Amino acid sequence: MFEESFTVVREKAPLVHNITNYVTVNDVANILLACGASPIMSDEPEDVVDITSICGGLNINIGTLNKRSIEAMFLAGHRANELGHAVLLDPVGAGASRLRTETAQKLTEEIRFDVIRGNISEIKTLAKGSGTTRGVDADAADAVTQENLEGMVAFAKDLSKDKKCIIAITGAIDLVADEQRCYVIRNGRPEMGRITGTGCQLSGMMTAFIAANPENKLDAAAASVCAMGLAGEIGYSHMKEEDGNSTYRNRIIDAICHMNEKVLKEGANYEIR
Amino acid sequence: MFEESFTVVREKAPLVHNITNYVTVNDVANILLACGASPIMSDEPEDVVDITSICGGLNINIGTLNKRSIEAMFLAGHRANELGHAVLLDPVGAGASRLRTETAQKLTEEIRFDVIRGNISEIKTLAKGSGTTRGVDADAADAVTQENLEGMVAFAKDLSKDKKCIIAITGAIDLVADEQRCYVIRNGRPEMGRITGTGCQLSGMMTAFIAANPENKLDAAAASVCAMGLAGEIGYSHMKEEDGNSTYRNRIIDAICHMNEKVLKEGANYEIR
Amino acid sequence: MFEESFTVVREKAPLVHNITNYVTVNDVANILLACGASPIMSDEPEDVVDITSICGGLNINIGTLNKRSIEAMFLAGHRANELGHAVLLDPVGAGASRLRTETAQKLTEEIRFDVIRGNISEIKTLAKGSGTTRGVDADAADAVTQENLEGMVAFAKDLSKDKKCIIAITGAIDLVADEQRCYVIRNGRPEMGRITGTGCQLSGMMTAFIAANPENKLDAAAASVCAMGLAGEIGYSHMKEEDGNSTYRNRIIDAICHMNEKVLKEGANYEIR
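Protein chains in written order, with my numbering: chain A, 384 to 656; chain B, 384 to 656; chain C, 384 to 656.
Honestly, the hints are just simulated from the structure, not real lab data. One should not assume that every hint holds.
Given that identical chains are not distinguished, each listed pair holds provided it fits within a single copy or across any two copies.
Unchecked claim - Under the rule of at most 30 angstroms between Cα atoms (straight-line distance), these lysine-lysine pairs were calculated in the DSSO-like manner:
hint : residue 1 : residue 2
1    : LYS645    : LYS450
2    : LYS489    : LYS648
3    : LYS623    : LYS600
4    : LYS547    : LYS645
5    : LYS395    : LYS623
6    : LYS623    : LYS645
7    : LYS546    : LYS645
8    : LYS489    : LYS645
9    : LYS450    : LYS395
10   : LYS623    : LYS450
11   : LYS623    : LYS547
12   : LYS645    : LYS544
13   : LYS547    : LYS489
14   : LYS540    : LYS450
15   : LYS623    : LYS511
16   : LYS511    : LYS648
17   : LYS546    : LYS450
18   : LYS645    : LYS511
19   : LYS450    : LYS648
20   : LYS540    : LYS623
From a predicted model like this one, the values you see are computed outputs, not experimental measurements.
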């Protein structure tokens with residue numbers, strides 16, 4: 384079920400509504416197209432209910448939230464819930480400001496999410512109600528490591544139970560958990576952290592994966608994480624000496640564009656705990 | 384007059400005011416620079432009248448419209464009309480939501496456009512007052528094909544008469560029509576549909592072409608469509624095996640950067656009906 | 384102190400809060416990451432005070448200003464001043480509209496900036512209270528040249544005294560001045576003007592440089608200008624025949640990604656007057 388979920392995305396070509404930040408929005412659109420989905424962006428309260436109604440998934444990213452877009456997030460989220468659409472939350476910067484923390488909390492209370500995907504600091508903020516997020520990057524002290532892995536897997540499963548949704552924590556080691564199972568994923572490269580928006584891109588792509596695979600959301604979410612990390616590895620192998628983070632950004636999206644079930648199967652590096 | 388219009392853009396370097404979506408805005412700016420024009424973006428109602436006054440053309444794109452930017456569209460449109468500037472409408476997603484359909488309709492009623500450029504579903508929506516747009520992409524059932532070409536050419540000419548402006552319908556086969564003549568253009572590649580914003584980029588560039596060539600707007604609009612499609616062909620010929628849609632996006636803008644009257648003359652693939 | 388300032392940026396990795404335009408925001412984020420800093424974007428009045436509080440620098444760019452973001456600029460600016468953070472103003476398009484000119488003027492009156500960085504038309508507008516900015520590009524008649532250099536250096540020093548901050552005027556020849564000293568910098572290539580946002584990118588990077596080097600702000604600001612121009616030269620040397628402005632954009636950010644104190648020392652081309 385795991386690698387097949389990519390093929391299903393390419394077959395179903397889900398339309399994904401993104402209420403997302405203006406920093407990385409172009410990359411989110413291009414990676415959705417690269418994986419076989421179609422993006423649409425709308426954050427005007429009077430527009431979002433109609434737009435989300437014609438989509439299969441909703442990706443809510445609070446990276447450059449404002450009062451208008453926050454209102455749109457709730458309206459679209461409620462409508463997507465009514466229609467049974469796949470809904471994902473990317474709580475960018477939760478813990479870095481009161482508005483971000485409270486908006487993310489309120490969204491998780493009022494909207495039924497299928498997945499919450501963030502870095503460890505953002506996820507801990509949602510778990511505890513407060514956090515130590517360093518801007519939009521994870522605090523190094525929070526990182527998932529080989530040493531604290533057992534505890535972090537338990538944390539992810541517990542939070543999944545508490546929040547009633549899949550929890551995806553991405554970093555050097557990625558965790559994708561529901562109450563029972565946790566994928567521990569070791570794809571990716573550290574250089575991905577020097578590009579803006581790999582997390583936002585993953586959230587967009589993950590929304591497409593869970594929208595296209597409603598019966599296997601945990602596997603699909605984990606597959607999208609492996610695909611992103613693997614694209615980071617493949618893209619890096621195509622880098623020339625003078626290439627840097629800007630070219631790397633293109634190469635990662637290009638790698639998703641060429642990826643398929645077979646490539647994913649050979650390259651995915653994960654265990655289930 | 385057709386290919387020369389590109390040379391005129393490079394000579395006159397028109398300043399184009401864009402009220403456009405935040406998804407593809409950077410690419411719109413870079414393709415305007417690539418073709419020899421200069422971009423400026425502004426969507427604050429208190430700013431747009433001044434800004435459009437110093438420009439030669441106005442490109443209105445409703446891709447991520449909101450109440451503030453809608454107000455700005457009308458203010459800038461009226462001012463551009465007063466000054467006799469070239470004005471283009473890109474009705475992104477008309478047919479996908481009530482707000483988009485109504486805004487596009489109202490704009491065409493109140494503002495005098497030189498060109499309306501969209502995909503076939505968006506244009507049919509404006510013709511009929513409602514549509515079946517699939518998000519921001521055209522509905523496949525609507526496509527202009529070799530089989531329905533005669534009827535579509537007549538549709539474009541009729542709509543041009545009705546809307547009193549040039550109608551540009553882009554897809555696998557592009558139509559650019561006024562009441563009497565219709566350019567049928569067969570440049571481009573299907574892979575361009577896997578990049579976000581090639582339509583938005585074309586709208587920006589087309590605004591520069593009609594602003595620089597006020598005496599030959601139909602030819603200039605058609606030339607910009609050929610230039611964009613040809614850039615898609617040239618850019619594709621520079622793709623390496625591992626390149627995907629993200630690199631392709633760069634290669635298309637790069638190809639416009641290197642394009643000139645001579646390249647356009649050799650590569651343009653069109654007939655007039 | 385000059386070239387070392389780059390090493391200090393990489394060591395301290397300052398977090399930079401950007402209230403910036405949506406045209407070039409992604410490139411600003413990626414160049415900040417490329418030089419070793421971390422970007423965060425926020426322009427919602429209710430969010431910016433918290434966000435700027437956790438940062439080391441604030442970059443205010445009025446490129447696509449609106450009433451909401453203007454309010455956020457003042458709130459964030461006052462907070463950054465209270466905390467003694469590095470604060471930079473990029474008055475994009477000052478002189479092109481009343482709102483831009485007045486907002487830039489009011490910002491310089493109410494907020495204590497460490498640097499104002501713009502093209503010559505924008506800076507002259509701030510000096511005179513009105514200007515002849517051609518959209519967001521400098522008016523050619525205003526350019527700093529070998530012939531008027533002496534007078535322009537005096538102008539920059541005088542304005543620095545008047546505005547009580549470093550003045551950075553970028554163009555073919557760049558000037559970075561305080562009351563006593565003016566760096567005259569001759570790095571860069573004319574092709575950089577055919578890419579959108581090299582100025583915005585420099586403003587973001589310069590904010591990181593002055594945030595990381597509070598004891599040597601003039602040298603650090605000048606070093607960032609040399610680094611950007613040198614990246615333009617290095618990036619250009621990696622261009623292939625078919626590459627254009629879109630690929631050039633990537634190559635410049637890539638060159639910053641690979642740059643260090645040693646490369647900067649060898650390539651910096653400046654004199655102090």
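Consistency of the hints with the structure:
Neither within a single protomer nor between protomers do LYS645 and LYS450 lie at most 30 angstroms apart by alpha-carbon distance, with minima of 44 angstroms and 46 angstroms respectively. For the homomeric pair LYS489 and LYS648, neither the shortest alpha-carbon distance inside one copy (38 angstroms) nor that between copies (51 angstroms) is at most 30 angstroms. In the homo-oligomer, the alpha carbons of LYS623 and LYS600 never lie at most 30 angstroms apart, since the shortest distance is 37 angstroms inside one protomer and 35 angstroms across protomers. In this assembly of identical chains, LYS547 and LYS645 lie within 30 angstroms of each other by CA distance neither inside one copy nor across copies; the values are 32 angstroms within and 53 angstroms between.
In this assembly of identical chains, LYS395 and LYS623 lie within 30 angstroms of each other by CA distance solely across copies; the values are 28 angstroms between and 35 angstroms within a copy. For the homomeric pair LYS623 and LYS645, the shortest alpha-carbon distances inside one copy (26 angstroms) and between copies (21 angstroms) are both at most 30 angstroms. For a Cα distance limit of 30 angstroms, the shortest separation of LYS546 from LYS645 qualifies neither inside one copy, at 34 angstroms, nor across copies, at 51 angstroms. Taking CA atoms no more than 30 angstroms apart as the test, LYS489 paired with LYS645 passes in neither setting, with 40 angstroms inside one copy and 50 angstroms between copies.
With identical chains, the CA atoms of LYS450 and LYS395 are never at most 30 angstroms apart, being 34 angstroms at best within one copy and 33 angstroms at best between copies. In this homomeric assembly, LYS623 and LYS450 never come within 30 angstroms of each other (Cα to Cα): the closest approach is 43 angstroms inside a single copy and 44 angstroms across copies. With identical chains, the CA atoms of LYS623 and LYS547 are never at most 30 angstroms apart, being 44 angstroms at best within one copy and 45 angstroms at best between copies. For a Cα distance limit of 30 angstroms, the shortest separation of LYS645 from LYS544 qualifies neither inside one copy, at 33 angstroms, nor across copies, at 53 angstroms.
Only within a single protomer do LYS547 and LYS489 lie at most 30 angstroms apart by alpha-carbon distance; the minimum there is 15 angstroms, versus 44 angstroms between protomers. Within a single copy, LYS540 and LYS450 get their C-alpha atoms no closer than 32 angstroms, and across copies no closer than 42 angstroms, so neither meets the 30 angstroms cut-off. In this assembly of identical chains, the alpha carbons of LYS623 and LYS511 never lie at most 30 angstroms apart, being 43 angstroms within a copy and 48 angstroms across copies at closest. Taking the shortest Cα distances, LYS511 and LYS648 never come within 30 angstroms of each other, neither inside one copy (36 angstroms) nor across copies (48 angstroms).
Proximity of LYS546 to LYS450 under the C-alpha cut-off of 30 angstroms is restricted to the intra-copy arrangement: shortest distance 25 angstroms within a copy versus 34 angstroms between copies. For a Cα distance limit of 30 angstroms, the shortest separation of LYS645 from LYS511 qualifies neither inside one copy, at 40 angstroms, nor across copies, at 45 angstroms. For the homomeric pair LYS450 and LYS648, neither the shortest alpha-carbon distance inside one copy (43 angstroms) nor that between copies (46 angstroms) is at most 30 angstroms. Taking the closest pair of Cα atoms, LYS540 and LYS623 never come within 30 angstroms of each other, the shortest separation being 41 angstroms inside a single copy and 43 angstroms across copies.
Violated hints, in rising order: 1, 2, 3, 4, 7, 8, 9, 10, 11, 12, 14, 15, 16, 18, 19, 20; the structure is consistent with all others.
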